[in-house]
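Participant: Those protein sequence lines, which keep their order, are chains A and B.
Heads up: the first sequence begins at 35 in the numbering used here, then just goes up one per residue.
Heads up: the second sequence begins at 5 in the numbering used here, then just goes up one per residue.
Think of the hints as simulated: they come from the structure by calculation, not from any bench.
Since this is a predicted model, take the numbers as computed values, not measurements.
A hint or two may mislead.
[Stated by the list, open to error] Per label pair, the in silico range of CB-to-CB distance:
1. B:Thr99 / A:Glu208: 39 to 47 Å
2. B:Val42 / A:Thr318: 49 to 57 Å
3. B:Pro127 / A:Trp87: 42 to 50 Å
In this text, a Cβ means the ideal position worked out from N, Cα and C, and glycines have one as well.
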Amino acid sequence: MILAWMLIAPLLAAPGCLLLPSSLLRRFSVVAGCGAHLALIAISWNSPSDAIWNGYLALDPLNHLLLSLISLLFAATSVFLIGYHQRSDVSKRVFQACILALLSALTLACLSQHLGLMWVGLEASSLAATPLIYFHLGPRALEATWKFLLMNSVGIAIALLGVFAVALASTQLEIGLLMPAMIENATRMDPAWLRAGFLLALVGFGTKLGLAPLHSWKPDAYGEAPPPVAALFAGAMTLAALLGILRFQQICVAAQLGAFTGQWLCGFGLLSIAVAGLFILNNTDYRRILAYTSVEHVGVLAIGAGIAASGGAYAAMLHATHNTLNKGILFLTAGILLRTFQTTRATELRGLLRQRPGIALMLLVGLLATSAAPPFGMFYSELGVIFAAVATGHWIVAAGLVLTLAVVFVALMTRVLPMVLGTPSEAMTAAASANPPETRWRRWVMTAPVLGLITVAVAIAVYPPRPLRSALDAAAEAMAHPGSAIAQARQSTPPAPGPVEVVATSPSEPRWHSKNKGEIVEKRLDRQAPVLAEARP
Amino acid sequence: MIEAALVMVLLLNLAMLSASRLATCIRLLAMQCAVLSVLPLALHAGGEGMSLVHGAGVMAGTLALKVVLIPALLLRAIRTTEIPREVEPLIGFTTSVLIGSLLIAAAFAVRGRLPLPIAPVSPMLLPVAISTALIGLLILVSRIKAITQVVGYLVLENGIFLFGLLLMRQMPLLVELGILLDVFVGVFVMAIVVHHIRREFDHLDTQRLSEPAAGAAA
Chain A
35 MILAWMLIAP LLAAPGCLLL PSSLLRRFSV VAGCGAHLAL IAISWNSPSD AIWNGYLALD
95 PLNHLLLSLI SLLFAATSVF LIGYHQRSDV SKRVFQACIL ALLSALTLAC LSQHLGLMWV
155 GLEASSLAAT PLIYFHLGPR ALEATWKFLL MNSVGIAIAL LGVFAVALAS TQLEIGLLMP
215 AMIENATRMD PAWLRAGFLL ALVGFGTKLG LAPLHSWKPD AYGEAPPPVA ALFAGAMTLA
275 ALLGILRFQQ ICVAAQLGAF TGQWLCGFGL LSIAVAGLFI LNNTDYRRIL AYTSVEHVGV
335 LAIGAGIAAS GGAYAAMLHA THNTLNKGIL FLTAGILLRT FQTTRATELR GLLRQRPGIA
395 LMLLVGLLAT SAAPPFGMFY SELGVIFAAV ATGHWIVAAG LVLTLAVVFV ALMTRVLPMV
455 LGTPSEAMTA AASANPPETR WRRWVMTAPV LGLITVAVAI AVYPPRPLRS ALDAAAEAMA
515 HPGSAIAQAR QSTPPAPGPV EVVATSPSEP RWHSKNKGEI VEKRLDRQAP VLAEARP
Chain B
5 MIEAALVMVL LLNLAMLSAS RLATCIRLLA MQCAVLSVLP LALHAGGEGM SLVHGAGVMA
65 GTLALKVVLI PALLLRAIRT TEIPREVEPL IGFTTSVLIG SLLIAAAFAV RGRLPLPIAP
125 VSPMLLPVAI STALIGLLIL VSRIKAITQV VGYLVLENGI FLFGLLLMRQ MPLLVELGIL
185 LDVFVGVFVM AIVVHHIRRE FDHLDTQRLS EPAAGAAA
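Produce the entire structure from the sequences given, and follow the hints as far as they go.
Facilitator: What follows is the structure in structure tokens.
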């Protein structure tokens, strides 16, 4: 029943946003909807929840982790929005209702174990997101909205073709389109149609995820939507789209097509990181710069998923976790910047450290976390991906990853560091002092969620709690060895988290790159200490 | 019967490529959807192991949403926005029909290389589905106006629907209705955005979206 409530709770709060008389009450009903969702997620961590609707909706390790992250980000953003919304002539009722609808649609996409139902949820989330981009009105926002709507609709239509292709591959087996059954019978499916289905889904959901070269809507949408909405897009919607790709990959890995899917994921991932590095240098709008960091991070996620079977899965899940927290911190800070200085141009903002030390520090922390500086979680996850690539002999991927990440690092630093350091311009001083004093409480309400996210991000990077570690482990296991993960779930004994261990493989398990120089490396990264894998001859 | 319907779908594809007026284009699209909506019941009658409720449900949903509501929405968008009612192709009509025919030929040519795990109702179903999807993409990229891009999206969707007919048994009715509903809401939102584009820019030319009309706030 909890699962049904997760879907319904945000929708129950939506009429409140549309109908309540006072603006403050409406904002609180958004918080209520997102808060209720987070509370339900918290319950589901403590007590296992049963599948509902004949197994169409169920929690498994993979979607449980991703959905928890989505819920956390929505809760933080809903608090942020209390302070962010200002009195204006634009009605915010539809906007707030759409945020709740987006949460519900993403929940449906994550929870569903049926590929068709997952598609319905993802498409619904695009549609709920469209009015959010057009919130500020104006021609540029309209252009961004049209681009987003059309590219995502067409992309996701292609993904539907992918769902049908996979259905066609399994049509003789009469097993339906439910994930557990498909994974168990994956080896008996038609590999040609399975391959076609994966590629179509990768292109389709990749458009929604924002992998280069399908990312062109992303800088526009993130640049024109209000920054809190961009935070939801970059941190939450990408996770649901990623899950869409991972579902197809699970089936393919179980069908021993892991090498095939891996090379495509790595290719798209490397291209995304490279494109992001080049375009960050070319941009002056700080929200667009942040949009390209999102392109970079989904690229890392894709590579991690591509080399899932060799430690990449754990790193990818870790990266997804920190990506969500990180995008929340960055875009919410961008929202505070926009509210304080009323400009989106990075070149106009100089010397924040002297003008507004608090905001400058938050931006600096977000920047360091994004560029994977050591105390932050992305350091471990990106290093984990690189190590996994090296350990399996993917030298080209490893080299490309290091090179492109370095380009992104330099580009990001040259663009954003001057915003923090340097001398403030006169226009900035004027804009900052023009803010009336009654906005002080708003500033605190906006700062609190950012500080909360920073605390969580640093805490789980420095010392990840045991439940999180085992959740990451289980999710990585479901990615890397979907077949055995399902079998284990049947026995209802989740894998015990432990120190670095070599997973014993049975011959029936899918082996990734088994033809690659005859070396198979199985290894799990644990406790975020990336340890070089011992290659077994 | 099924084959006749599929040939109709192909002809309507080519007709849409050559239609020079927006309203004609939308009416042709409605006709294509109407032809498609008959197919699930025809499949049921052909003994494809699909239940009557399922076939009738999909048919009713398609008729209501794709044949009546969506064309009405799009026609209304044309009327209220008073745009010039020509299609304005990037690729000329003759050339697009030619490319369309080539796509159809290609779809039939590759049929042999895509072995189906099950014997389809009609050997034409798969090539017609692929060529319809491709022609949808062609309309999408070769026409300038926002409305025609919506039409292209719907033609693509029709191609996918045809592809889905191959495996009606595996898709539960609820999921199919969910897909239909999503498509409808998608077109609904697109129609609203089209309306805003008109108000903001004085034109529906997606190539010039980045230059605002005089007087509009930049």
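Participant: Against each hint, give a clear statement of whether it holds in the structure.
Facilitator: These are the hints, each one checked on the structure:
Here the CB-CB span from threonine 99 of chain B to glutamate 208 of chain A is close to 46 Å, well matched to the stated 39 to 47 Å. Judged by the Cβ atoms, the range 49 to 57 Å given for valine 42 of chain B and threonine 318 of chain A holds: they are separated by roughly 55 Å. In this structure, proline 127 of chain B and tryptophan 87 of chain A break the distance hint of 42 to 50 Å, their C-beta atoms being roughly 37 Å apart.
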